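Asker: Listed below are the residues making up each chain.
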Amino acid sequence: MARLLVYYHAKFLSYFRRAWEWCFLVSSLAPGAAARFLDELKAIVGEEYVYYHPEDLLVYEYDGSIDRGLPGAVVLPISTDEVRRVMALCYREGVPVVGRGSGTGLSGGAIAPPGGVQISFSRMDRILEVDTENRTATVEPGVINLDLDNHVHKFGYRYAPDPSSQKACSLGGNIAENSGGPHCLAYGCTTNHVLGMEVVLEDGSVVNLGGTARETPGYDLRGVFTGSEGTFGIATCITVRLLPLPEAVKTFMGVFPDVDSACTAVSAVIGHGIVPAALEMIDALSIRAVQNVMDLGYPEDAGAVLLIELEGLQEEVEEIGIEVEAALWESGPTLVRTAEEASDRERLWAGRKGALGALGSLAPNYYLVDGVAPRTKLTEVLREVAAISERYSIPIANVFHAGDGNLHPCLLFDERQPGALETIIEAGAEVMKVCIDAGGALTGEHGVGLEKKELMPLVYTDEDMDAMRRVRDSFAPHNRLNPGKIFPDGTHYHPPARRPEPGLSI
Amino acid sequence: MSRLGLSPPATLARSLGSDGVVPEERLGNFSIDGVVPRLAFCPTYRHEIVETVGWAAAEGLAVVPRGGGTQMELGNVPARYDVALDLSRFNGVLDYQPADLTATVEAGITLHELQRHLASGGKTLPLEAPLSSNATIGGILSTGASGPMRAAYGLPRDWLIGISVVGGSGTETKSGGKVVKNVTGYDLGKLYTGSMGTLGIIVEATFKLNPLPQRLQALTAGFPSIALAVEAANSLSGQVYAPQGIQVVDGASWLGLPADLSDVVSEKDEPVPGQAVLVAFVSGRVRAVERRLSEGADFLRMNEASSVRKLDEAGGRKLLGWVTDLGWERDSGHWLVLKLAVPPSMTSQALSVLPRALEGLPEPGTVADPGFGLVRLMWQQGSLDTTVDGHASVIVGAVGRARALARSLGGYVVVERAPLTVKRLTDVWGGEPAGAEIMRRIKENLDPAGILNPGRFSGGI
Ligand SMILES: Cc1cc2nc3c(=O)[nH]c(=O)nc-3n(C[C@H](O)[C@H](O)[C@H](O)COP(=O)(O)OP(=O)(O)OC[C@H]3O[C@@H](n4cnc5c(N)ncnc54)[C@H](O)[C@@H]3O)c2cc1C
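Protein sequence lines, in the order shown, are assigned to chains A and B.
Position 106 of the first sequence, counting from 1, maps to 106 under the numbering used here, and the rest follow consecutively.
Position 396 of the second sequence, counting from 1, maps to 396 under the numbering used here, and the rest follow consecutively.
Rather than coming from a laboratory, the hints here were simulated on the basis of the structure.
Predicted model only: the values in this text are computed from it and were never measured.
Among the hints, erroneous ones may be present.
[What the hints assert, rightly or not] What follows is a list of derived Cβ distance ranges for each label pair:
hint	chain 1	residue 1	chain 2	residue 2	range
1	A	79	B	36	52 to 58 Å
2	B	290	A	337	28 to 34 Å
3	B	77	A	129	37 to 43 Å
Cβ coordinates follow ideal geometry from the N, Cα and C atoms, glycine included.
One chain only, chain B, in its complex shape:
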């Protein structure tokens, strides 16, 4: 019996072994929003996950699954948190059929490791996710995380073809299979993707794959303002030779490029804060990549870009990683991150009126995906004084105004990262989504005991 008055059943404890149960003094590593679990397990085998959830369901213990821990801040403050289930050791590749372009993996494998494995057979999962060396497939599916090429290649939901989860009653169930086309029964994979671990603990996933692109390169172009960069991005994305991913990064954030990258992408004429950089990623066959790069570069030059650079494969990949991670880096001190999502055509309008909504806050770092209608706004630690009384309500007020603005444009705002003082005052998801009643019924029906990640999701789920 632990100090916290809770211990796993003997058979489960035996199976987990001493290194599968996290010692009490390390439980703090698993805290979420200051809430420390009473136990934490690192299972290696599927049956351990099944048994843990079965036991938790019987005892009414709240279980919070965890992959690489890269996005644990995402979500409301946990309503209850008894057991942390760290799936990072449950990380095998179960099946890889390069010729069928499919792969089945355990949930704890990192995206990076999976891509490495797939590359050995000449294939890839055409998805990016923040911190891919740590982010696990289970976590990426649960959060629906995506990267700069999302407008062209889609989201995790688009590549998932089969899934197994351990539901709230401790039973493993599957949906889909291992073939690329399948409509047998309901597509529950869509439901689990983005469900933040509230409906089931994802244990296994099968993806369809793409051939590895022969080339991946990037273009960068400086612009006098974010608005002009977004405008250029919009018109570039309408060209036949459009790059597969176009992002706009504000000048100040651009200055945060690590040295090895900034050497590649800038000279004396590098942009300064207030300006912006358009970053475009291009992948595919060599000749097509070259055409996209050269016509894309010409197009940008004709559209007010001040400096246009082509990056080779190594530089392009590095930049892709950097842009994907922007706002998620653990040590960057980004402590307030808002995600604004609107219909793509509304991106520039949103960006132009946001400053008014965010009055009272310092200027944020910005990364926008105009083709997808996504904007991330990031504030560094120290850019706003959290010791001042009432700082949280200033932020919450600004978030509220940003939400009203997003709603008027057909979108919404998610508070992806925020100090606890702020999270306590607002629903990070922005209140009841459309269909909330159906969502609540789904939650009740798949997790009747309410033990899976309770309280963290949208609509009080």
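One chain only, chain A, in its complex shape:
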């Protein structure tokens, strides 16, 4: 049994093909170990919540990244107890496991290891408690980020981390990736908002990390768990910190003739000692994409748009707002607009929020690269990105969290063209090298996953990674959770042949 299932040890083999083999093996329901295993899974979660027919598995082959891998089976538990029993079973049989939230991850984190079981949290999506006295909310991992935020608004609170994917992504995925978002500039990323969680370990044992008390004794396990990309354990219950809604909010939009002047404005704002709640940039190509699908009234010749949001007391927002406007005007914009009413602010944000989706109007696919540069080096780094675009003849659109230097160059391509995928992967790696050479990071919020594991040596020595592996081995001594991610091992999951139908690959 174990030998049949544990394919992930075999390096340099076509994982994809092997996954198919396993899948057929299971679906044939041949008498034997695999069938017995599936029966046991069904006994735990119920017959209708175990998928193993290839056609049922197809949607679980993807996440938002360019990697793919078919799980051996998908289970949809409804409680910690079911998760615990599924994990214990897989542990006993030597089957690797990966958790799946909404599958919006952009680094391949939720892609199943070959032959592995994917645990989907789509049925564990209840908001269990909003505790206004402690300013916390406790949720199941499948709760959608925006649903939580909207829910707590009723009580005068907010959940601050707001990934651009917040309409779709889950809290479990947010914790695994330590997700960020526009408003993380002022409030920090997921890790600054997670207080506690209930975690199921690889062997099926359950442990509580952190709690409602703001600090807990011993090592900060919930801190190191956050951002561990599903390799330490499965979070089955999560307690997060809530922040009160601000008294005043004001949004500024600056339209600039080019990216350089918009970058100057970013430096000017931060240089004035202002840390806005959000500071986002959209470049000309992204603007064109947005204009293709909705009319936002941007000037025809807009080279870059900055969106800045201030939050706080009325006095702060007014006073800092004057300085923000001044900083914007100093940098040569063609237009500056402001909005205070929620609906007006929404309109200014529409371009930013719709940008990624709108890229589909420019090309069938895009590859979104997540890298970080020191914010004072944005101008240089974006110039280098433009040079890469030229060198590879790949159009690159930039929509990103400018305030904290978190770039998201989107490399546009058509996966049906032979060699296109390979080329954009190569160009993407160059973009990341540019970030790192500027003193930045390999990933700011999307994680390493499968996508960047081979690039880890660009930032970490073998010793650095050894220390990290040792910590993982402390949570998961048998490395059964989401194996094959984060650390370089020479394997990749890019499918040898891509499906012909058009559509975005994110």
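Start from chain A and add chain B with the ligand according to the hints.
Answerer: Coordinates of chain B with the ligand only, in the frame set by chain A:
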């Protein structure tokens, strides 16, 4: 070869030089809970730290890192203690980018010195820690120390973006980097923060920064009781104009204000023991600070406060320092300090039932951070007679009852400071935390020889 039969390898000794190796007669200065190390080094260079740990690992010698020595009492009695590694000379600013709002420093720099340096570029690390003129960044990270504005600005863990440590095998490793957003690999900075030097010796840290606030001021308000002050603190913290830090100090401790401060904050109507003072700190832009102060003051007046005072920047900063240091001052003679942590909403309940748990002990000094769920209880030297037989078991009994109470409220109690007689009878951390097995494996995996600060941490680590 020293009298204690131990000397560093020749190359290390040469590099450390004569002033990098503490003479035998001064080793007593490095004692912890009465345990004196066999050697003490004051390295100036990173490679000296790496070599010391490498050598200690090979020889199986227990190494205890030390910054400014402000919190060396924290932790259980050392299981072994061979080499003290005093990092206070390893204290440079390696990189400061005001425009990027980041700074990288060596572990031995004091918080005060760092803030001074950052202020020159208009930035600040929005953290306080007890005894900041002596407390080093390495020590603050190791202990996770924090101050009165923690509920608003967070803890050291929230501002750390990169870290380098020398692990138990004598290898330097890093996690994170120099940019404010980074999820490359595991966030080991979280693990090292608060790990009491048991997983690695922190040598370098990078922080994200904030702009210096235009203003920092304070409010003080007298209340008839701690309970009423806490109640007012809770409702004040729910207002949009809430101050960034609200603490409640008992009347007796308040009387310990140094003269230069008490002149500023009190007149005839100063509180007496049994009463309490609410202290609130406000920082930010001038107009916002003014609004927070004036609306905060009005709010407090309407909520039973007997005397409300606004402190200017100088007074506010002084008071902030005093409250932060409360219970940690070296010469105050606080010899028993308990930290009680509960979910914030449980603070007042904890305070109301604590007296019963602490029966048999004199009334403690109290400083509470209701918004964070933190209470420090402090007993002065001489308030309990340590010459009496059985005094330690009386204290340990009270601590045990306080722990049971805290547990029932979802919290815990740490004995931050105590006479040795007490420490010998109780685990200062309060026994096995949740996840203890994972913690032990982390310790074994990162410090296989068990040489880093052995025996002092939670769960027998
Ligand atoms: C259009 C778009 C915009 C985006 N914008 C942002 C952004 O602004 N900021 C940002 O940070 N990210 C962004 N992302 C990336 C992505 O949305 C986030 O990484 C998100 O947190 C993933 O959540 P998910 O539920 O989809 O997780 P999945 O993709 O399903 O899984 C991600 C990882 O989480 C693990 N996981 C899931 N649930 C659990 C659990 N309960 N316990 C343990 N591990 C678990 C998985 O194993 C996997 O490793 C964007 C993605 C898209 C497609």
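Asker: Each hint should be assessed against the structure and marked as holding or not.
Answerer: Here is how each hint holds up against the structure:
Under the hint 52 to 58 Å, the C-beta atoms of residue 79 of chain A and residue 36 of chain B, about 55 Å apart, fit the expected range. For residue 290 of chain B and residue 337 of chain A, the hinted distance range of 28 to 34 Å is satisfied, since their beta carbons lie about 30 Å from each other. Separation of residue 77 of chain B from residue 129 of chain A is about 41 Å and conforms to the stated range, judged on CB atoms against 37 to 43 Å.
Consistency note: the structure conflicts with none of the earlier hints.
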